[in-house]
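> For this one, chain F is given, so just place chain P on it according to the hints.
Protein chains in written order, with my numbering: chain F, 1 to 327; chain P, 328 to 650.
Simulated from the structure, these hints should not be mistaken for laboratory data.
Misleading hints may appear alongside valid ones.
[Stated by the list, open to error] Derived contacts from chain P toward chain F, CB cut-off under 8 Å, selection only:
(1) D459
(2) P605
(3) A619
(4) N630
Model, not experiment: these values are computed from the prediction.
Glycine included, each C-beta is placed from N, C-alpha and C at the ideal position.
One-letter residues, chain by chain:
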Amino acid sequence: MLARLRQPWSDQRAERTLGALAVVVLLTIALMLTFVAIRAWPAFQHNGLHWFGAQGDVDQQISAMVNTGANPSPEDYQFGAWPLIWATILTTGIAVVVGLGFALLSAIFIVEFSPLALRRLLVTVVRLLAAVPSVVYGLVGILVLAPFIGDHLISAERRKSVEFVIQLSGPGLLVSVVVLTVMITPIMIAIIVEALHAVPRSWREGAVALGVNRWRAMWTVSVRVARPAILAGAVLACARALGEAIMLSMASGGKGFAPNPADGLTFAFEPLRPLAATIVENVESLNAPAIRANVYAMSLVLLVSTFTLSLGAWMAKRSMRRYGVAG
Amino acid sequence: MATLGLRAPRRSRHESLSSWRIRDRIGLALCWLAGLTLCAVAGAIVLYMAVRGVQFLRPELLFTAPQATLDQSKSGGFLDPIIGTLLLTVIGIAIATPLGVCTAVWMVEYGRPRWLARMVETGIEVVAGTPDIVIAIFGLALFQQGIFSWLSFTSADGAVFGRSFLTAGAAMSLIALPMVFGATREALEAMPRQLREASYALGKTQAATIRSVLVPAARPSISTGAVLGMGRIVGDTAVVVVLLGASLRVDPTGAIPGVDVLRGTGGTLTSYVYNNSPAGEGGAPEKAYAAAFVLLLIVLALNASVELISRRAGGGVLGLGRS
Numbered sequence: 001m002l003a004r005l006r007q008p009w010s011d012q013r014a015e016r017t018l019g020a021l022a023v024v025v026l027l028t029i030a031l032m033l034t035f036v037a038i039r040a041w042p043a044f045q046h047n048g049l050h051w052f053g054a055q056g057d058v059d060q061q062i063s064a065m066v067n068t069g070a071n072p073s074p075e076d077y078q079f080g081a082w083p084l085i086w087a088t089i090l091t092t093g094i095a096v097v098v099g100l101g102f103a104l105l106s107a108i109f110i111v112e113f114s115p116l117a118l119r120r121l122l123v124t125v126v127r128l129l130a131a132v133p134s135v136v137y138g139l140v141g142i143l144v145l146a147p148f149i150g151d152h153l154i155s156a157e158r159r160k161s162v163e164f165v166i167q168l169s170g171p172g173l174l175v176s177v178v179v180l181t182v183m184i185t186p187i188m189i190a191i192i193v194e195a196l197h198a199v200p201r202s203w204r205e206g207a208v209a210l211g212v213n214r215w216r217a218m219w220t221v222s223v224r225v226a227r228p229a230i231l232a233g234a235v236l237a238c239a240r241a242l243g244e245a246i247m248l249s250m251a252s253g254g255k256g257f258a259p260n261p262a263d264g265l266t267f268a269f270e271p272l273r274p275l276a277a278t279i280v281e282n283v284e285s286l287n288a289p290a291i292r293a294n295v296y297a298m299s300l301v302l303l304v305s306t307f308t309l310s311l312g313a314w315m316a317k318r319s320m321r322r323y324g325v326a327g
Numbered sequence: 328m329a330t331l332g333l334r335a336p337r338r339s340r341h342e343s344l345s346s347w348r349i350r351d352r353i354g355l356a357l358c359w360l361a362g363l364t365l366c367a368v369a370g371a372i373v374l375y376m377a378v379r380g381v382q383f384l385r386p387e388l389l390f391t392a393p394q395a396t397l398d399q400s401k402s403g404g405f406l407d408p409i410i411g412t413l414l415l416t417v418i419g420i421a422i423a424t425p426l427g428v429c430t431a432v433w434m435v436e437y438g439r440p441r442w443l444a445r446m447v448e449t450g451i452e453v454v455a456g457t458p459d460i461v462i463a464i465f466g467l468a469l470f471q472q473g474i475f476s477w478l479s480f481t482s483a484d485g486a487v488f489g490r491s492f493l494t495a496g497a498a499m500s501l502i503a504l505p506m507v508f509g510a511t512r513e514a515l516e517a518m519p520r521q522l523r524e525a526s527y528a529l530g531k532t533q534a535a536t537i538r539s540v541l542v543p544a545a546r547p548s549i550s551t552g553a554v555l556g557m558g559r560i561v562g563d564t565a566v567v568v569v570l571l572g573a574s575l576r577v578d579p580t581g582a583i584p585g586v587d588v589l590r591g592t593g594g595t596l597t598s599y600v601y602n603n604s605p606a607g608e609g610g611a612p613e614k615a616y617a618a619a620f621v622l623l624l625i626v627l628a629l630n631a632s633v634e635l636i637s638r639r640a641g642g643g644v645l646g647l648g649r650s
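In isolation and in its complexed conformation, chain F is listed as follows (with noise of 0.2 Å):
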């Protein structure tokens, strides 16, 4: 048998062997969309769309189904996950936007304007960012920045103004924001960078010789022509987001709740638990038929948004080759 093997491949058994392994990873993808939606199936047969909707406290929900038993009937399927889905694409959205700014600013600053020695720090801080784990975050944004925002920025009176609606401790939308801000700007930042040097530097040397300065020839050539590039690296750090569960679980306040913008600054410290965090607190009891399938679809409806959003992000970077600049 082994013999066999040492001996050298023919050239068709190689490719035959080697696309079936590549055949594998298709399947495995397409194995992952079956089964997460046909476990999820029985929450949307009973819910249908008002599964997307709201209908009234999600914790009080979510604890009801595990006392359901094994056999629950479709009533027991009740779930409506609007603060859920609300508060994913709160923090998502808040920090893809501010992070994308930062992450723009940074890497024509690495590219462009930083000195050298600044610059080899830069690219080493940008990869450490980028893999410190989620564990880590979760516990700077939990014991460190919430017990700061509870003791110093929350007063005594926006306490009690919200005190029968929701109690707030320091945990929430703000400490969600800025830790998910920190962890998905690195993503966006390498993405732009590799997109800026792939930018033919005679382009924009020819603005500068044009008698543009350094930052508008940046600006007017290089950032424009990595326009796509720079999409793709928000709508990644976008998937990232939407998926980040550990972190949030743990810095969110966890609390099934949907912060009021109209609550003003007080919406800001309100507490809230997205899709992904909400998967995480309810491992333990998936045994309940009723949480298993809502939470099957909690996770459908995460594997479907990155997947929409990875292949439009595949197809913006695809479209800077239109440029004849690789992306």
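Same frame as chain F, now just chain P:
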């Protein structure tokens, strides 16, 4: 002698900022601000974790097994989580590396039919963007099927538990796969055509060229990808919580020594930090800080080795690779 500002333009290495419009100057200032903030944030995180780590980390914590007790003086250290992290990383990367390398080789060197190659390429991008929690929960659904009962604990009534080092390692391999694939693919695509042609001219087949020329030449990149993948596995918590059980101790299942550990549940450093933080049930922030510090050291060491490999291979240090 200067006649009314008709000085020759000062041409130092840095052009004079005073000629810039105010908007451009603000933009440049913001760039500096962003860059420095980035350094400050990273520095603050690392320094804070280091201070806390040095404050709470005792050597005996590394070598004693954890105990489930509320009394923190008796709850032991995190020997088992460290073993869990090592074991899971080894399993995950052992699956991901061959799979990633083979897929990349097939795509670059053969890639027929074209549409299939394009689908595989897209598929791997999609896997790279899929959240770890979704991969984990898919793994749970998959490995709870009857045919995978040999991978994990099966209860008396025939329900498959689906949680073990093997199942978690398999899910982890999916997380590390895009790293290995991407690095290998880039290396193969960057290789000059002549390398292949020279090998063909010597009478080697394509398969032999791949085995004895291309893959050895791509080895530094493959190791970079594998180490990056290891970093992802070490830092992942969601898969551990869902598929490994995130228990305190390594709990073997079955009777065969060695295999029982692989089929059993356990925990890693990440799940240890998670469970000991205020978010988990055990409120032991000191232990969480100490374990997080060890975790951070491992990740930093992996990061440094990536840099070392790419520097030794002569790769550009400044090119921020695909991460």
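> Output the numbers, in ascending order, of every earlier hint that fails for this structure.
No hint contradicted; all consistent.
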